[in-house]
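For chain A, the structure is supplied; the task is to place chain U on it using the hints.
As you go down the protein sequences, you meet chains A and U in turn. To convert a position in the first sequence, counted from 1, into our numbering, add 86. To convert a position in the second sequence, counted from 1, into our numbering, add 86.
Hint data in this document are derived by calculation from the structure and do not stem from the laboratory. Note that the coordinates shown come from a computational prediction; the quantities given were computed from them, not determined experimentally. Note that CB positions come from ideal geometry on N, CA and C, so glycine has one too. Please note that the accuracy of each hint is not assured.
To be verified - Here are some chain A residues pointing at chain U (derived, C-beta under 8 Å): (1) Arg98; (2) Ala123; (3) Ala126; (4) Leu129; (5) Met130; (6) Leu254; (7) Arg257; (8) Thr258; (9) Gly259.
2 protein chains.
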Amino acid sequence: MMHAIDLIRKKRDGGELTADEIQFIVRGAASQAIPEAQLAAWLMAAFLRGLSSAELDALTTAMRFSGVTFDHAGLGCVTVDKHSTGGVGDKTSFLVAPIAAAAGLAVPMISGRALGHTGGTLDKLESIPGYRTQLSLDEARRVMDECGATIIGQTKDLVPADRVLYDLRDRTGTVESPWLICASIMSKKLAAGLQGLVLDVKTGSGAFLRDYEQARFLAGLMVETGERAGTRTAALMTSMDQPLGRFAGNWIEIAESIELLAGKRHPLSEDLLELSLILAGWMIHLGGKAKDAEAGKAIASEKIADGSALGHFRKMVAAQGGDLDALYKGFGFHRPKFRRELLAERSGIVQRVDTTAVGWAVQRLGAGRERAGEAVAAHAGLEVHFKIGSRINAGKTLCTLFAEEESRFEEPEKLLREAIVIGDEAVQPPPLVREIVTAENACSG
Amino acid sequence: MMHAIDLIRKKRDGGELTADEIQFIVRGAASQAIPEAQLAAWLMAAFLRGLSSAELDALTTAMRFSGVTFDHAGLGCVTVDKHSTGGVGDKTSFLVAPIAAAAGLAVPMISGRALGHTGGTLDKLESIPGYRTQLSLDEARRVMDECGATIIGQTKDLVPADRVLYDLRDRTGTVESPWLICASIMSKKLAAGLQGLVLDVKTGSGAFLRDYEQARFLAGLMVETGERAGTRTAALMTSMDQPLGRFAGNWIEIAESIELLAGKRHPLSEDLLELSLILAGWMIHLGGKAKDAEAGKAIASEKIADGSALGHFRKMVAAQGGDLDALYKGFGFHRPKFRRELLAERSGIVQRVDTTAVGWAVQRLGAGRERAGEAVAAHAGLEVHFKIGSRINAGKTLCTLFAEEESRFEEPEKLLREAIVIGDEAVQPPPLVREIVTAENACSG
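Extracted from the complex, chain A is given alone in its bound form (with noise of 0.2 Å):
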């Protein structure tokens, strides 16, 4: 018989649990057979203990099958994923997963909801008019068999260890453990039963992990855990030292996207555009439709010429329910009801840029939400005129500004004043991938 406070002692005092004994307590949360402040103690312990390999993936299979899978076996299909630790601006999601598509893979895409000063992929697909997120399985599977991707919300029944466990950490400050947060990421993922998965690990100002070197821990964890368990794994660190692309909010994000699957190219863009093409390039590899990465992306920006990955794009959008017509409107679709320029005090070189405050500013704007379950603005957000390094004449626009009530300019013009600073040094600009993590170099042990 096994007892939740032999297992909070054990891990407490350094101990390795048991898969047994891991699943004992996965389970006991998910069914709240386990009190809350036992499971609290628990966490705690692991959070400053750390867990083994062994511990890790026991937690990370015990999350993955605590309620039912998304598991496309029967469908003869290759699926493959990418997840992203979340950043600002970060519409890659609207690329890779056409992109994949369009190159014969599987995309099932379980996305959430914009979280902080992050935003969510969920409320941006959400802009569009009429797209429903919140699919039964038997309907994204549907959708994507049809379409090659489907982009979907969390369902209830689909990792259920997880919401119980993520929400107590929460409240425990018990969230920022590269253990834990692997076992949350990689359990969802791997509940899709993907052949390939690649994971972009963001670090710089606007990341959750500013810490390059705690960020490199979680991606070798990470890829560890998707290589023992049977899924093909890299991770790239990328850079979140800036607001990736144009725009940061909800359909203006989606606009973005369609133009670049369109072909059409901005410079402000381009950034966005490189690092979709290196991550669908690394889905087309994992996913065994090319030999390498770099051969992966070749197929990806054919897949972008022809205009297949658009056409992927759509489709899926109408398979979930969304209005056409807008996504041909793009940016002409855009119809916030005030608009603000915030001008360059001074001339200079754009030398670095808080990009957490950037996304506060984009979630005051109204594109995100203060708290779970609030509604957010679809025209909200922020045009971004810049890039580091970027030369800024005195009174030329830095940003545009864009929400639904004229009140909801004054606090971002502030944050984005204080988090954009212009000087005189010249500044090359961030590296956008600093290191790609596989099998090969995980090593988090």
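Using the frame of chain A, we list chain U on its own:
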């Protein structure tokens, strides 16, 4: 505005909490304003990170003043007390409280019940027909005023934060922290506004803290915490390698104590008498009635020799409703329904005793309880006919077992047979007091 989550994170990351922050947690625990899950996470972080001296003082103080205090500032008396970390056959309270009272001190002793393998002072006292342990603080104050000593149970309004936190620690694997143990013990003792306090910190096979270094660390923390709070405090590191005295149970422990108070000695009670005199000597010294503990011990011996200690004990028992007739009868009042002799299977010398197992045997005989709230048998228990180093002949009685039901004997017999190790080597009995910890040598930091 303080938030529990920030204080969890601060402790988790090794920061030092301010006194206000610690008070916020303690008040939140007592008022249930902070949810158990958050308290549990904080307790585990404190368990694994430890507390600084300032944090320990703040925790002890906040707990001490979380309810009413049992302070005697207006009574014109000098209050002293003794606390034991718990053992088997430990009945020193029944000797030291009346001895200190006879020496002109006031002893407001708040005691506990049987817990696990250790006996409970209150359970033992309640084996005296009529003795009431649940007095109000006003009643207890009157008894102490009249008799010099009172031994009562914890009341609901005294240190309520400890009750909440201890209960939670018990469920979340955060009991065995020296800092949390120190705050729990010292907050309750300091709530009685003591001038002097002697701590009996037990180590060895029957102690909660078996490891000497851990127990010594706890003793140092408690002495420093007491001294910093203005209470003269000393700790004796004592042996719990075998039961203390001849008897372990309820009434038989009272009877053994009365014999000693009456000046009747027995070779197997000598360790109990000696430890009681040493402890009482420290109480008398710390209470300012003797220049050192040695002089205090001499006074303690006098108070037994002149019968005044026994007189104070009888007076206290009568004042708390106890039947003096039973007390006069002593062992003559001992009336267990069943007795069983445990015979030595071989001749030899007692090498060592698993005193925790002996304690469990006493508990299973009916003298202790399986769970809180259960009744205990007043006349169940154990007489021990040896000490470590005693020569025993095969077939002679090792222990006499007492119980109210014959079915109670089987398990204790088995436990005792395994617990008492007889061999051929000559063995030195363990020293009664291994070290004395005072302000001069406490140095826990």
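Evaluation of the provided hints:
1. Arg98: Constraint on Arg98 (chain A) satisfied, holds at 6 Å.
2. Ala123: Where the cut-off is 8 Å and the nearest Cβ of chain U is about 4 Å from Ala123 (chain A), the hint holds.
3. Ala126: 4 Å, holds
4. Leu129: Interface hint status for Leu129 (chain A): holds (7 Å vs cutoff 8 Å).
5. Met130: 4 Å, holds
6. Leu254: 6 Å, holds
7. Arg257: 6 Å, holds
8. Thr258: For Thr258 (chain A), the interface hint holds, since the closest Cβ of chain U sits about 4 Å away, which is under 8 Å.
9. Gly259: 4 Å, holds
Hint check: no violations occur; every hint is consistent with the structure.
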